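Asks: This is what each chain is made of:
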Amino acid sequence: MATKSKANTATPNTFEQLLDYGKGNGYKLDWLQQRETFGKELEIPSNGGGLLLQDVDSGPFAEVPAWTNNVTGRPRGALTRPSAARIGKYGIRTKADVWLKNGAQLYEEAVQRQWSSATDIPWHELEELPDEIEQAECQLATFLTEVEFVAGDVPGRWISETSPDYYEPRMFLISQIMDEARHADVFRKRALANGGGLLQQNSSAALAGASIDSARDFTEMSARLHISGEGLVLSIFRMGERMAYNNAEKAIYRLAASDESRHVAFGVMHLQYVSQTDPERSEEIHSYLDEIELGLVAGTGGQNPAVRGTPSNAAIMTLLGGGTDEASLREGEQIAGAVRQRQVKEYIQRIKVAGFGDRFTNGRAAAGLTEYISA
Amino acid sequence: MATKTPTKRATAKKTKFPSVAWFEAVAAITRVDAQYQKFGRLNAVIAFKSGNSIVQANFDVLHIHEIQEIEEDEMRDCDFIIELEPAQWKDMLKDIKKNGTASLDWTLNTLDLKYDEPIHRNDLEDGFKADLFFRYLPSLQVYFDNSSQIDTGY
Chain A
1 MATKSKANTA TPNTFEQLLD YGKGNGYKLD WLQQRETFGK ELEIPSNGGG
51 LLLQDVDSGP FAEVPAWTNN VTGRPRGALT RPSAARIGKY GIRTKADVWL
101 KNGAQLYEEA VQRQWSSATD IPWHELEELP DEIEQAECQL ATFLTEVEFV
151 AGDVPGRWIS ETSPDYYEPR MFLISQIMDE ARHADVFRKR ALANGGGLLQ
201 QNSSAALAGA SIDSARDFTE MSARLHISGE GLVLSIFRMG ERMAYNNAEK
251 AIYRLAASDE SRHVAFGVMH LQYVSQTDPE RSEEIHSYLD EIELGLVAGT
301 GGQNPAVRGT PSNAAIMTLL GGGTDEASLR EGEQIAGAVR QRQVKEYIQR
351 IKVAGFGDRF TNGRAAAGLT EYISA
Chain B
1001 MATKTPTKRA TAKKTKFPSV AWFEAVAAIT RVDAQYQKFG RLNAVIAFKS
1051 GNSIVQANFD VLHIHEIQEI EEDEMRDCDF IIELEPAQWK DMLKDIKKNG
1101 TASLDWTLNT LDLKYDEPIH RNDLEDGFKA DLFFRYLPSL QVYFDNSSQI
1151 DTGY
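Chains as they are written, first to last, in the numbering used here: chain A, 1 to 375; chain B, 1001 to 1154.
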């Protein structure tokens, strides 16, 4: 960071003298250049939140191009080096394809709200549970470990596709991968820490993952992953907190839900940016939402935690109802159904905020959602 | 034999819930709470509604300030609202007082799922702002858990 004192000692005069000295003594100093911001003192916020990216980015460093030809890995705002190799085959070189208005804030929040599965979970409060409950915990933890593996894999592909001129969403995605790694690790630990183990792989998670990973476009991927997929997982985490049998499980699900809602926020804000700046894509986005809602209604990709027939949903109902007898499972199913209703309502609210809410009034939204809208 | 003296609990002044003083008292404890600080920055103006009483607080980075009573129509300016019936608030706070932290059935998230309607909402149906409830839940739970350190009157 340039400071006042540096500014005082590096006046244009001495700078010129330095260049002359270099040239006169055989040094190649053409790289030594003063930027517009040199000597400008930065105000450090005193609100306890530290120095944020949005605080330091100013002038040429804050200018985000609508389109970029930066394929050399040059940091945004840095001066071009003509001999730089074209190291990046960035597919995303258009701002509207990846941007959101608060990407830096979400990234900073992600960094500050990191937690450790090793030390922030009161593992010592895990206690012996009835066999069917422990098995259900392990089945759900197996499912979530698998889901989080997919959720970490998918954004990874798009990071390397994004030009450094759009570094904010890029860095948020990197933080998301850290979050997903922690989730995969904490659910693996839960499956193994209480005398249980990883149980059956869940085919629906793989289906959903394949569907997200086959997205042809970043916005399509984000709608599928952040809004639909992460929205579902957020609902499961919230249920997990509710059906926790001890404070360790409470902490796991509460902290993971906090991360997950940040990922959902990224998706909502990106979709909102697209709707506001690129209205020509409206019909295309609606077609992605058509597909997402088909899955949301059918639940074939695991999007419906209340549907029967998957090991993870059976585990959820067992945990919510408190056992595997018929009455308990029925009670669990009822609670899961109520949460499912919340899940869909929240999806609808997010799509409205993103600017595509007209589909819920013009008859375009999946018919199966109607009952939730009116409920 | 030592004379029996009144316990601190018997003489301690109770802070009425809901009131600005109550939210200020809990905020003062929470601002210096290591767990709260560890959970990181927040950015949300939240209204807490109990019956006809509404208190607003600005959770700004790690500060909690601008705690004040507001009117019903001012809730639309808040990022989200947490509303419980007075008896529900009382039961939740009594559980926290008894256990030091909310027990399994009395956490904010569990209450949000337990009742027919969620306890949180945005009055303009802004889903992004309503979602801040989920994003900051660990911090808000620490905030309410800290109420165990004061004597609450109702």
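Fair warning: there could be bad hints in the mix.
Unchecked claim - Pairs of lysine-lysine residues, derived as DSSO-like cross-links and limited to a Cα-Cα distance of at most 27 Å, are as follows:
#1 A/Lys352 with B/Lys1014
#2 B/Lys1090 with B/Lys1014
#3 B/Lys1016 with A/Lys101
#4 B/Lys1038 with A/Lys189
#5 A/Lys352 with A/Lys95
#6 B/Lys1038 with A/Lys352
Claimed, not checked - Listed next, with one range per pair, are the computed distances between beta-carbon atoms:
#7 A/Glu291 with B/Tyr1154: 44 to 54 Å
#8 A/Arg308 with B/His1063: 43 to 53 Å
#9 B/Glu1072 with A/Thr94: 42 to 52 Å
To be verified - Derived coverage of chain B by chain A (criterion: at least 3 residues anywhere in the stretch with Cβ under 8 Å from a Cβ of chain A; other residues may be distant):
#10 1046-1058
#11 1069-1082
#12 1089-1095
#13 1106-1118
If you're looking for bench data, these hints aren't it; they were derived computationally from the structure. As the structure is a prediction and not an experimental result, all values here were calculated from the model. Ideal placement from N, C-alpha and C gives every residue a C-beta, glycine not left out.
Asks: So, for every hint listed, does it hold in this structure?
Replies: Here is what the structure says about each hint:
About 44 Å separates the Cα atoms of A/Lys352 and B/Lys1014, which puts this hinted pair outside 27 Å; it is violated. For a cut-off of 27 Å, the pair hint linking B/Lys1090 to B/Lys1014 stands: about 14 Å separates their Cα positions. A hinted pair counts as satisfied when its Cα atoms are at most 27 Å apart, and B/Lys1016 with A/Lys101 does not qualify at roughly 41 Å. With a C-alpha separation of about 22 Å, the suggested pair B/Lys1038 and A/Lys189 falls inside the 27 Å cut-off, and the hint holds.
With a C-alpha separation of about 22 Å, the suggested pair A/Lys352 and A/Lys95 falls inside the 27 Å cut-off, and the hint holds. A C-alpha spacing of about 33 Å is found between B/Lys1038 and A/Lys352, which places the hinted pair above 27 Å, so the restraint is violated. Restraint check, A/Glu291 to B/Tyr1154: a C-beta distance of roughly 51 Å satisfies the suggested window 44 to 54 Å. For the hinted restraint 43 to 53 Å between A/Arg308 and B/His1063, the CB-CB distance of approximately 48 Å keeps it satisfied.
A C-beta distance of roughly 45 Å is found between B/Glu1072 and A/Thr94, which places it inside the suggested range of 42 to 52 Å. Coverage of the stretch 1046-1058 of chain B by chain A is violated in this model, with 0 residues showing a Cβ closer than 8 Å to a Cβ of that chain against a need of three. Note: the stretch 1069-1082 of chain B has 0 residues with beta-carbon separation from chain A under 8 Å; the three-residue rule is not met and the coverage is violated. Proximity of the stretch 1089-1095 of chain B to chain A, defined as three or more residues with a beta carbon under 8 Å from a beta carbon of that chain, is not established by the 0 residues found.
With a threshold of 8 Å between beta carbons, the proposed coverage of the stretch 1106-1118 of chain B by chain A holds, since 7 of its residues qualify and at least three are required.
Violated hints, listed in ascending order, are 1, 3, 6, 10, 11, 12; each of the other numbered hints is respected by the structure.
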